[in-house]
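Engineer: If you're matching them up, the sequences are chains A and B in order.
Numbering-wise, my numbering puts 421 at position 421 of the first sequence, and it's gapless, one number per residue.
Numbering-wise, my numbering puts 242 at position 242 of the second sequence, and it's gapless, one number per residue.
FYI, nobody ran anything at the bench for these hints, they're computed from the structure.
In this text the structure is predicted, and so the values were computed from the model without any measurement.
Heads up, a few of these hints could be off.
Since the list gives no way to pick out one identical chain from another, each pair is judged satisfied if it fits inside one copy or across any two copies.
[Unchecked claim] Result set (DSBU-like, lysine-lysine): computed pairs, CA atoms no more than 30 Å apart in a straight line:
1) K358 <-> K368
2) K460 <-> K437
3) K519 <-> K460
4) K323 <-> K116
Protein chains: 2
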Amino acid sequence: MITLSSYIADQWVKGTGKTTLLLNSSTEAAVAEASSEGVDFVRAVNHARAAGGPALRALSFADRGAILKNMSDVMVAHRDELLNLAMDNGGNTRSDGKFDVDGASATLSAYAELCKGLGDARYLVDGEAITLGRSSRLTGQHVLVSRHGVAVHINAFNFPSWGMAEKAACCIAAGMPFITKPATATALVAWRVMQLWIESGALPAGSAQFVAGGVGNLLDLMGPQDVLAFTGSSDTAVKLRGHQRVLSKGVHVNVEADSLNVAVAGPDVEQGTPVYDLFLKDVVKEMTQKTGQKCTAIRRILIPKEKAQAFAEDLADRLSHTKVGNPAVDDVTMGPVSTAQQKKDVLAGMQRLMGVAKVLTGGTDVGKLLGAEAGKGFFVMPTLLMANDSNNAGAVHEHEVFGPVATVLAYDTSEQVGVLAARGEGGLVASVYSDDKQFSQDVFFALAPHHGRVVVGSEKSAGQAIPPGTVMPSLVHGGPGRAGGGEELGGTRGMMLYMQRTALQGFGPWVESVASGGKRV
Amino acid sequence: MITLSSYIADQWVKGTGKTTLLLNSSTEAAVAEASSEGVDFVRAVNHARAAGGPALRALSFADRGAILKNMSDVMVAHRDELLNLAMDNGGNTRSDGKFDVDGASATLSAYAELCKGLGDARYLVDGEAITLGRSSRLTGQHVLVSRHGVAVHINAFNFPSWGMAEKAACCIAAGMPFITKPATATALVAWRVMQLWIESGALPAGSAQFVAGGVGNLLDLMGPQDVLAFTGSSDTAVKLRGHQRVLSKGVHVNVEADSLNVAVAGPDVEQGTPVYDLFLKDVVKEMTQKTGQKCTAIRRILIPKEKAQAFAEDLADRLSHTKVGNPAVDDVTMGPVSTAQQKKDVLAGMQRLMGVAKVLTGGTDVGKLLGAEAGKGFFVMPTLLMANDSNNAGAVHEHEVFGPVATVLAYDTSEQVGVLAARGEGGLVASVYSDDKQFSQDVFFALAPHHGRVVVGSEKSAGQAIPPGTVMPSLVHGGPGRAGGGEELGGTRGMMLYMQRTALQGFGPWVESVASGGKRV
Numbered sequence: 001m002i003t004l005s006s007y008i009a010d011q012w013v014k015g016t017g018k019t020t021l022l023l024n025s026s027t028e029a030a031v032a033e034a035s036s037e038g039v040d041f042v043r044a045v046n047h048a049r050a051a052g053g054p055a056l057r058a059l060s061f062a063d064r065g066a067i068l069k070n071m072s073d074v075m076v077a078h079r080d081e082l083l084n085l086a087m088d089n090g091g092n093t094r095s096d097g098k099f100d101v102d103g104a105s106a107t108l109s110a111y112a113e114l115c116k117g118l119g120d121a122r123y124l125v126d127g128e129a130i131t132l133g134r135s136s137r138l139t140g141q142h143v144l145v146s147r148h149g150v151a152v153h154i155n156a157f158n159f160p161s162w163g164m165a166e167k168a169a170c171c172i173a174a175g176m177p178f179i180t181k182p183a184t185a186t187a188l189v190a191w192r193v194m195q196l197w198i199e200s201g202a203l204p205a206g207s208a209q210f211v212a213g214g215v216g217n218l219l220d221l222m223g224p225q226d227v228l229a230f231t232g233s234s235d236t237a238v239k240l241r242g243h244q245r246v247l248s249k250g251v252h253v254n255v256e257a258d259s260l261n262v263a264v265a266g267p268d269v270e271q272g273t274p275v276y277d278l279f280l281k282d283v284v285k286e287m288t289q290k291t292g293q294k295c296t297a298i299r300r301i302l303i304p305k306e307k308a309q310a311f312a313e314d315l316a317d318r319l320s321h322t323k324v325g326n327p328a329v330d331d332v333t334m335g336p337v338s339t340a341q342q343k344k345d346v347l348a349g350m351q352r353l354m355g356v357a358k359v360l361t362g363g364t365d366v367g368k369l370l371g372a373e374a375g376k377g378f379f380v381m382p383t384l385l386m387a388n389d390s391n392n393a394g395a396v397h398e399h400e401v402f403g404p405v406a407t408v409l410a411y412d413t414s415e416q417v418g419v420l421a422a423r424g425e426g427g428l429v430a431s432v433y434s435d436d437k438q439f440s441q442d443v444f445f446a447l448a449p450h451h452g453r454v455v456v457g458s459e460k461s462a463g464q465a466i467p468p469g470t471v472m473p474s475l476v477h478g479g480p481g482r483a484g485g486g487e488e489l490g491g492t493r494g495m496m497l498y499m500q501r502t503a504l505q506g507f508g509p510w511v512e513s514v515a516s517g518g519k520r521v
Numbered sequence: 001m002i003t004l005s006s007y008i009a010d011q012w013v014k015g016t017g018k019t020t021l022l023l024n025s026s027t028e029a030a031v032a033e034a035s036s037e038g039v040d041f042v043r044a045v046n047h048a049r050a051a052g053g054p055a056l057r058a059l060s061f062a063d064r065g066a067i068l069k070n071m072s073d074v075m076v077a078h079r080d081e082l083l084n085l086a087m088d089n090g091g092n093t094r095s096d097g098k099f100d101v102d103g104a105s106a107t108l109s110a111y112a113e114l115c116k117g118l119g120d121a122r123y124l125v126d127g128e129a130i131t132l133g134r135s136s137r138l139t140g141q142h143v144l145v146s147r148h149g150v151a152v153h154i155n156a157f158n159f160p161s162w163g164m165a166e167k168a169a170c171c172i173a174a175g176m177p178f179i180t181k182p183a184t185a186t187a188l189v190a191w192r193v194m195q196l197w198i199e200s201g202a203l204p205a206g207s208a209q210f211v212a213g214g215v216g217n218l219l220d221l222m223g224p225q226d227v228l229a230f231t232g233s234s235d236t237a238v239k240l241r242g243h244q245r246v247l248s249k250g251v252h253v254n255v256e257a258d259s260l261n262v263a264v265a266g267p268d269v270e271q272g273t274p275v276y277d278l279f280l281k282d283v284v285k286e287m288t289q290k291t292g293q294k295c296t297a298i299r300r301i302l303i304p305k306e307k308a309q310a311f312a313e314d315l316a317d318r319l320s321h322t323k324v325g326n327p328a329v330d331d332v333t334m335g336p337v338s339t340a341q342q343k344k345d346v347l348a349g350m351q352r353l354m355g356v357a358k359v360l361t362g363g364t365d366v367g368k369l370l371g372a373e374a375g376k377g378f379f380v381m382p383t384l385l386m387a388n389d390s391n392n393a394g395a396v397h398e399h400e401v402f403g404p405v406a407t408v409l410a411y412d413t414s415e416q417v418g419v420l421a422a423r424g425e426g427g428l429v430a431s432v433y434s435d436d437k438q439f440s441q442d443v444f445f446a447l448a449p450h451h452g453r454v455v456v457g458s459e460k461s462a463g464q465a466i467p468p469g470t471v472m473p474s475l476v477h478g479g480p481g482r483a484g485g486g487e488e489l490g491g492t493r494g495m496m497l498y499m500q501r502t503a504l505q506g507f508g509p510w511v512e513s514v515a516s517g518g519k520r521v
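All chains, full assembly: derive it from the sequences and hints.
Structural biologist: Structure representation (structure tokens):
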């Protein structure tokens with residue numbers, strides 16, 4: 001069995017004490033173990049601040065980009081190995097593994113390109129110079145500089161590669177060192193990726209550290225120049241945000257959390273049209289990819305009342321053809337959820353939904369499985385429900401079931417779409433399927449305040465459409481309220497978390513000379 | 001005695017129960033009373049969300065700008081009345097009152113202009129369109145829309161007008177209604193300003209509400225589309241940020257809190273030069289204006305070791321000529337601090353500083369006062385201390401004494417300037433006085449990560465320089481760590497707190513048509 005070690009102060013160190021087991025989610029066989037007991041977090045934090053930060057800040061954006069390029073390249077070079085690890089731990093199909101691993105290398109590569117474009121500068125200049133007072137003798141200029149602390153990245157179990165890489169990309173680009181901690185249950189791929197990154201030799205000493213296991217007293221060591229970036233459940237987010245040290249030191253926090261993402265079929269959508277096919281394809285993909293364990297997965301499907309039953313039956317039909325089983329078997333298109341606890345939570349969540357909705361396909365009983373030993377594995381079936389009454393379906397709007405589970409909600413008017421979507425109290429992404437431009441625009445503005453991203457699919461985009469659950473490095477990822485209120489990615493926007501915006505105020509020509517050394521964005 | 005009422009759901013309502021007295025800080029005479037007991041906060045919140053928000057969002061930026069212009073104009077028209085109220089409550093000199101009242105009207109006017117420039121649009125378009133995928137068929141565009149909730153503004157006692165107006169300006173500009181609550185002890189001016197705003201008839205129903213007294217259960221009513229903007233102490237900030245409802249609903253929070261602002265005299269500065277005069281003038285002004293009760297006041301004065309004693313003596317000499325007393329007396333240049341509690345805190349703070357620094361002028365004893373009755377009023381003297389050892393002056397770096405109190409710290413090298421400044425753990429503004437461009441640039445980059453604004457004064461800017469404590473509407477106001485990690489003002493940047501950035505993803509030409517309806521920034 002593999003023992004995952006932590007990478008602290010430029011050395012791989014094994015934890016002591018009791019380990020946590022990492023399982024194959026189909027067979028329940030232990031594939032690795034991890035513990036961060038005995039890890040010296042004080043040393044990690046000091047090393048990042050004393051060595052990693054200064055080293056990264058001394059590099060130009062282009063040089064930081066070269067590091068990211070290296071990090072991407074080693075992942076591509078070891079792709080098959082990483083995909084095998086992904087399939088062995090966490091319940092991924094090979095396709096799920098690609099989504100995670102390729103998402104990671106593509107994001108690193110996108111930020112490598114971005115940094116290359118930022119060139120020789122080491123700081124950003126935000127906007128134009130601002131004249132203060134009556135003449136141009138005195139000007140103001142906003143400048144963005146690297147924060148002088150360490151970033152702690154706490155990632156979710158569903159994207160061990162991508163989650164780690166997207167935070168790392170923005171952080172390194174911004175000139176800040178990080179300590180990254182994957183969810184232990186699915187840390188195998190993350191650990192191997194970190195090894196590859198370190199072995200590449202691209203990362204300066206102290207710029208990247210890795211925790212296999214719990215974070216111990218790490219949060220108690222955070223300070224006013226540090227950043228805490230978290231992806232995971234709202235409950236944990238509340239604990240992290242409410243942590244006394246984090247609050248009292250004004251640690252900069254970013255959260256990406258729960259989301260009851262909606263997909264909306266427009267009133268114009270008819271069965272058999274390209275936009276309808278796109279709608280079906282996206283919903284089924286978002287429900288079953290990664291066994292529905294995506295923060296961007298579709299949870300609520302809004303369909304015009306008169307079409308709800310027919311559309312729902314089409315969806316249920318497609319879902320019922322999903323080949324569920326052990327991803328080691330070639331035909332399987334959906335694996336188990338990652339852990340026993342996840343399965344328990346998904347089943348409990350389904351029960352809650354079943355209080356206000358009826359099951360169209362799937363449900364709490366496990367159906368036919370491919371290549372799975374009886375009684376083993378954390379399998380659940382793709383499950384589509386239909387709410388009895390959209391306006392009185394509290395659980396559907398409030399409870400994110402983190403598995404291949406979604407609920408159809410019938411609607412009457414475009415206003416109702418906005419009202420129902422808003423009941424999710426803030427989400428990551430909404431998708432709209434319609435060829436009616438006015439409806440799409442009206443619904444976009446109804447959805448926009450409640451979401452970090454809105455994807456509109458139409459016949460015209462259908463050929464090249466990217467499913468809503470795919471997070472783009474050039475677009476912000478995050479959402480208000482329940483979704484955590486954070487922003488990741490989005491090009492240079494994603495670097496801001498790791499930078500301080502400072503207004504420089506002084507004699508015009510001198511301010512201009514300082515600005516000329518940075519890259520204006 | 002005036003009884004301050006609250007403005008809730010478009011009506012002035014008197015509180016019930018026990019009132020809090022507002023005093024004249026020189027005579028300790030009660031000038032007004034306030035209580036928010038019995039105020040229906042549920043009604044306030046619902047009214048803002050149901051009436052104020054939709055009304056503001058329906059207006060163009062230009063129309064919102066016209067509202068702000070009105071709000072500014074009524075303050076200018078009633079300036080003398082407001083200055084008299086400022087002098088009667090809070091210990092302001094007439095000059096202090098002008099700083100607060102004119103700061104407010106100027107900020108409203110600046111945002112009125114900004115909004116005028118944003119024109120007929122009702123949403124902002126953030127950056128250029130982004131090509132997704134291989135052709136331009138699919139594009140992404142970041143759009144900024146008004147949040148659909150209510151903003152709660154909790155302001156500090158030191159700037160009843162400006163603090164309220166700067167938050168209101170950004171909020172109205174962004175299309176969001178607010179409920180504003182001034183610090184009760186100095187709420188007289190804020191209450192009258194709110195009356196003027198309402199009487200002007202410019203504000204749509206539900207867009208502005210006012211709480212005279214405590215916030216009651218207001219925080220328990222906040223939701224995922226709401227914003228909480230707070231200015232005040234770090235201790236209160238931790239409580240607000242850590243409030244269970246604020247955490248669990250993902251309420252968007254902005255904090256502007258404590259700050260141990262530094263002023264740095266460069267190694268090249270010599271007595272008798274223009275830059276030296278600017279340094280003396282700014283330090284004395286920042287220490288005594290508003291009796292040192294400014295979040296941007298200078299608390300730590302860094303001077304090259306060999307010049308520290310001489311410079312400090314010049315500062316002490318100027319400070320000792322401050323005319324302290326009842327602002328009702330014409331000659332008085334510095335009034336009392338605002339409340340008995342503030343005086344107590346300032347004296348206790350001085351005692352802490354005296355553990356690591358010696359007093360050069362001022363101190364805990366009250367000296368000569370003009371127009372003050374013996375034993376009455378919350379007077380403290382302008383007090384300059386000098387640290388015994390800059391590196392071992394913990395209290396000086398950690399404890400903000402919120403009064404006319406600052407400490408000189410001797411330094412050796414420019415690196416040490418950065419290290420000492422950073423010990424404040426995040427501040428609002430730093431100022432640097434030097435004609436040495438390289439030193440100024442080096443120190444700027446050492447200070448920038450730790451500050452929201454850095455002001456560099458030199459011979460060339462001396463004639464038109466704006467003191468560092470003056471917050472500019474076009475530049476961000478806020479700072480990392482201890483300063484709260486927030487951002488107010490800074491032109492459109494200050495509106496972002498009240499807006500949601502959403503990435504719109506779809507068919508290129510359609511995305512472009514949506515973007516064309518907004519104003520690109």
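Engineer: Each hint needs a verdict: does it hold in this structure or not?
Structural biologist: To see whether the hints hold, each was checked on the structure:
no.	hint	result
1	K358 <-> K368	within (21 Å within a copy, 82 Å between copies)
2	K460 <-> K437	within (11 Å within a copy, 57 Å between copies)
3	K519 <-> K460	between (37 Å within a copy, 26 Å between copies)
4	K323 <-> K116	neither (43 Å within a copy, 59 Å between copies)
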